[in-house]
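Undergrad: Protein sequence lines correspond, in order, to chains V and R. Numbering of the first sequence is given in our numbering, commencing with residue 11 and proceeding in unit increments. Numbering of the second sequence is given in our numbering, commencing with residue 1455 and proceeding in unit increments.
I should point out that these hints are in silico values taken from the structure, not numbers from a laboratory. Remember, predicted model here, so these are calculated numbers, not experimental data. Just to be clear, a hint being listed does not mean it is correct.
Claimed, not checked - Dumping the calculated PhoX-like pairs for lysine-lysine here, alpha-carbon to alpha-carbon at most 25 Å:
| no. | chain 1 | residue 1 | chain 2 | residue 2 |
| --- | --- | --- | --- | --- |
| 1 | R | Lys1672 | V | Lys335 |
| 2 | R | Lys1555 | V | Lys225 |
| 3 | R | Lys1665 | V | Lys316 |
| 4 | V | Lys225 | R | Lys1761 |
| 5 | V | Lys225 | R | Lys1751 |
| 6 | V | Lys225 | R | Lys1624 |
| 7 | R | Lys1460 | V | Lys225 |
| 8 | R | Lys1724 | R | Lys1820 |
| 9 | R | Lys1672 | V | Lys316 |
| 10 | V | Lys276 | V | Lys150 |
| 11 | V | Lys34 | R | Lys1664 |
| 12 | V | Lys34 | R | Lys1460 |
| 13 | R | Lys1665 | V | Lys194 |
| 14 | R | Lys1624 | R | Lys1641 |
| 15 | R | Lys1664 | V | Lys194 |
| 16 | R | Lys1665 | R | Lys1581 |
| 17 | V | Lys194 | R | Lys1672 |
| 18 | R | Lys1724 | V | Lys34 |
| 19 | R | Lys1751 | R | Lys1816 |
| 20 | V | Lys375 | V | Lys12 |
What the hints assert, rightly or not - From the derived model, a few chain V residues whose C-beta atoms are all more than 12 Å from chain R:
| no. | residue |
| --- | --- |
| 21 | Thr70 |
| 22 | Ala72 |
| 23 | Lys150 |
| 24 | Lys156 |
| 25 | Gly310 |
As the list claims (entries may be wrong) - Some chain R residues close to chain V (C-beta under 7 Å, calculated; not the full set):
| no. | residue |
| --- | --- |
| 26 | Leu1543 |
| 27 | Ala1547 |
| 28 | Ala1550 |
| 29 | Asp1648 |
| 30 | Gly1670 |
| 31 | Asn1683 |
Note that CB positions come from ideal geometry on N, CA and C, so glycine has one too.
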Amino acid sequence: MKVAYSYLQEQFSDPEPIFAEMRKLIQRGDFTLGGALTEFEQKFAVHCGASYAIGVGTGTDALFLSLKAMGIGAGDEVITCPCTFVATVGAIVQSGARPVFVDATEQFVIDPDKIEAAITPRTKAIMPVHYTGQPCDMPKITAIAKRNGLRIVEDACQSIGGEVDGKRVGSWGDAAGFSLHPLKNLNVWGDGGVITTNSTELRDRLHLLRNHGMKNRDEVELYGYNCRLDTLQAIIGLWLFPQADAITESRIATANRFDTELGKLKEIRVPPRNANMRHAYHLYMVHAERRDELVEFLVGKGVDAKVHYPIPMHLQEASAYLGHKAGDFPITEAHAVSIFTLPVHQHMTEEQKQYCTDMVKAFYKS
Amino acid sequence: MNVPVKYIDLPAQSRSLRAELLAAVARVLDSGEFILGSHVERFEKRFAALSDCKHALGVANGTDAIVMAFKALGVGPGDEVITAANSFLATAAAIALVGAKTVFVDVREDYNIDPDLIEEAITERTKAILPVHLTGKPADMNPILEIARAHKLHVIEDAAQAVGAKYHGKAVGSFGAVGCFSLHPLKNLNACGDAGVMTTDDDSLREKLKKMRNHGLKNRDESEFWGFNSRLDSLQAALLNVKFDHLDEWTDTRRKTADYYREHLQDLVKCPSDQPHEHSVYHTFVIQAEPRDELQKFLLDAGVETKVHYPIPIHLQPAARELGYRLGDLPVTERLSRTILSLPIYPELSSEQKETVVAVIKSFYKR
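Could you put together the complete structure from these sequences and hints?
TA: Here is the structure:
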């Protein structure tokens, strides 16, 4: 049996409604910052419980522009977690700021109890990553930020629909960055990103920053970027929106089933789950003994198991200038050799789900 | 008989291509390749050939192309970059965004940077020259390259408006270290959204830029340096591949319309002209006319839309305040900003529409 990581073929098996909207768009020609984008932004803000949403080029850009809009740049420090995708750090570095890492918890997200020790006079912001769809401990992080006068940019690229105490991710920080990359839970047909914020001031700055800093066709208030979510992509996002909650619920159900089944194995360690949080399960990630052998076995059996990711951010070649060494972030480093992910998407059949856990069990029995 | 003439008419272009464009979208969906992959590679190959370059790399937009070119060449804080002030502001923005300082040099009557004024603008901090092939007309590259060589400066071409333009028979984008193109919906070769492409002959620069547009990743798991996420969407690449087939024909039509305008208007207004060694692609057809604002209003009242590219030169924009330029610093640029007017020149213009443009301008000057 094949259990693929990508589900695009199933997801868009009937593209006609999308094509119909595209046909209209091609007739209208409002390809940049068009009507469909505005509609998408409104729906996105509501979905995240935030006041505003701003469509941008990518999730990376969403994080980067949020920092820029707050005036964060050279000479500043931004605290984040080394257990993430490279884009988190890339966004901080491209803003000119220095990334300062804080180790993760057993749940692959920043350990709030270690944040304050990393704060220096140069610290301007915390960028908690709701990695794998696991929300960070936002009440604690918000309190730390308040106490220390820091901004919060949530990296919510993997966590649309996630919640802490019933409050959605993307509504906790000063701003949050989401990705609409084709492999994300709410996905489009190319690169795309969204920023959410409750601040009208940040919204206004972000509107300028994503569109060349132009306040009108001829006048430039500040030097900005060209970083807009294509209207074409917004059409796909709009089509998908009615399914957004069902997608999250389906992933949660599959993950719960995996937790139960895999939790029976002594070789698998399921990270702690929180009763007060809604995990968006962009990734289903747990710890495994003999991880590399397991992944190889699963791939051989047709299950698209992966490792997200084998090299923590502080040990990347790109981080050499930060002067870190192995041992600096022991939990993240320990995770890097034990974590693996199983497909958890909403188009998996009962048989495929069963097959995934059966194959993990088969590996350890052999 | 006058007919309405819009300044741009994207639906007119799309009408004839709609079926082909939607078929391309369906192909991308079927391929499941939404990020990089074969559609982007095919486009890059074709674009490199068009631009007389070894390599082309699709990126998110034209601004990012310039920003990444600077980053790859190590142009940043403390450095100065020489460019023109009559361009779209993204040119100067890209310089500011990498932390470098923009030094503006005045332009010639043909709207492109005046090479004779470049040397006096060079300081010990100058790192690069960013000539703009404005309106689709090539900048005077030979003297620019000579100056760059003598002073060991990088040349990055802002070819955002000049896809397919040639200078002494060689395509723009192939003269500098990197050529930066925009494929925005209003450009000659246009995507259905934001898109850009960069060209280079330098293998190692290409490798660096290729990583830079994709998070600095050298493989799935390893980042060599912290990069950007700035990729040309496969979807847009597939749409561009459809349009690529028509580009030569569109450029010919633009050039013919330019000839037509010149033939009928050159006694009344100053028209742009090609030197024998230039092959302009007329992204815009910019005349110099007085009194410009009255003419523009007269045209609009007669149903003819025109634009001014651009009424406020970059050095006088609020965003450029800290550079300290004043009115009078770039006299040609400033004078042109008061007299220039862009006439409609898209390939789908009908003969009646072109005749209308000419007739209305003629009647304005006959009043």
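Undergrad: Evaluate each hint against the coordinates.
TA: Evaluation of the provided hints:
1. Restraint check: the Cα-Cα separation between R/Lys1672 and V/Lys335 comes to about 21 Å, which is no more than 25 Å; the hinted pair holds.
2. Taking the CA atoms of R/Lys1555 and V/Lys225, the gap is about 22 Å. The hint holds against a cut of 25 Å.
3. Straight-line distance between C-alpha atoms of R/Lys1665 and V/Lys316 comes to about 22 Å, which keeps the hinted pair within the 25 Å bound.
4. Proposed proximity of V/Lys225 and R/Lys1761 is supported: the alpha carbons are some 18 Å apart, at most 25 Å.
5. Straight-line distance between C-alpha atoms of V/Lys225 and R/Lys1751 comes to about 23 Å, which keeps the hinted pair within the 25 Å bound.
6. Distance check on the hinted pair: V/Lys225 and R/Lys1624 sit about 38 Å apart at the alpha-carbon level, beyond 25 Å; violated.
7. Our distance criterion of 25 Å between C-alpha atoms is met by R/Lys1460 and V/Lys225, whose separation comes to about 24 Å.
8. A distance of roughly 17 Å separates the Cα atoms of R/Lys1724 and R/Lys1820; the hinted pair therefore holds under the 25 Å criterion.
9. The hinted pair formed by R/Lys1672 and V/Lys316 meets the criterion: a straight-line CA distance of about 18 Å does not exceed 25 Å.
10. At most 25 Å may separate the alpha-carbon atoms for a hinted pair to count; V/Lys276 and V/Lys150 exceed this at roughly 32 Å.
11. Taken as a hint, the V/Lys34 and R/Lys1664 pair is broken in the structure, with Cα atoms around 34 Å apart against an allowance of 25 Å.
12. Our distance criterion of 25 Å between C-alpha atoms is met by V/Lys34 and R/Lys1460, whose separation comes to about 20 Å.
13. Between R/Lys1665 and V/Lys194 the alpha-carbon distance is near 22 Å, which keeps this suggested pair within the 25 Å criterion.
14. Distance check on the hinted pair: R/Lys1624 and R/Lys1641 sit about 20 Å apart at the alpha-carbon level, within 25 Å; holds.
15. Between R/Lys1664 and V/Lys194 the alpha-carbon distance is near 23 Å, which keeps this suggested pair within the 25 Å criterion.
16. For the hint linking R/Lys1665 to R/Lys1581, the alpha-carbon distance of about 23 Å falls within 25 Å, and the restraint holds.
17. Under the criterion of a C-alpha separation no larger than 25 Å, the hint pairing V/Lys194 with R/Lys1672 is consistent with the structure, at around 22 Å.
18. Under the criterion of a C-alpha separation no larger than 25 Å, the hint pairing R/Lys1724 with V/Lys34 is inconsistent with the structure, at around 40 Å.
19. As the CA atoms of R/Lys1751 and R/Lys1816 are separated by approximately 14 Å, the hinted pair is consistent with the 25 Å bound.
20. For the hint linking V/Lys375 to V/Lys12, the alpha-carbon distance of about 21 Å falls within 25 Å, and the restraint holds.
21. Not every Cβ of chain R is farther than 12 Å from the Cβ of V/Thr70; the closest lies at roughly 4 Å, contradicting the non-interface assignment.
22. The Cβ of V/Ala72 sits about 10 Å from the closest Cβ of chain R, inside the 12 Å cut-off, so the non-interface label is violated.
23. For V/Lys150, the condition that its CB be more than 12 Å from all CB atoms of chain R holds, with the nearest at approximately 28 Å.
24. Every CB of chain R is more than 12 Å from the CB of V/Lys156 (nearest about 29 Å), matching its label as outside the interface.
25. No Cβ of chain R approaches the Cβ of V/Gly310 within 12 Å, the least distance being about 19 Å, so the stated non-interface status holds.
26. The restraint placing R/Leu1543 at the interface with chain V holds, with a minimum CB-CB distance near 5 Å, inside the 7 Å limit.
27. Checking R/Ala1547 against chain V: minimum C-beta separation of about 4 Å stays under 7 Å; hint holds.
28. At about 4 Å, the closest approach between the beta carbon of R/Ala1550 and any beta carbon in chain V falls short of 7 Å, and the interface hint on this residue holds.
29. Against a cut-off of 7 Å between C-beta atoms, the interface hint on R/Asp1648 holds, since the closest Cβ of chain V lies about 6 Å away.
30. For R/Gly1670, the shortest C-beta to C-beta distance to chain V is roughly 5 Å, which falls under 7 Å, so the interface hint holds.
31. Look at R/Asn1683: its Cβ gets to within about 4 Å of chain V, closer than 7 Å, so that hint holds up.
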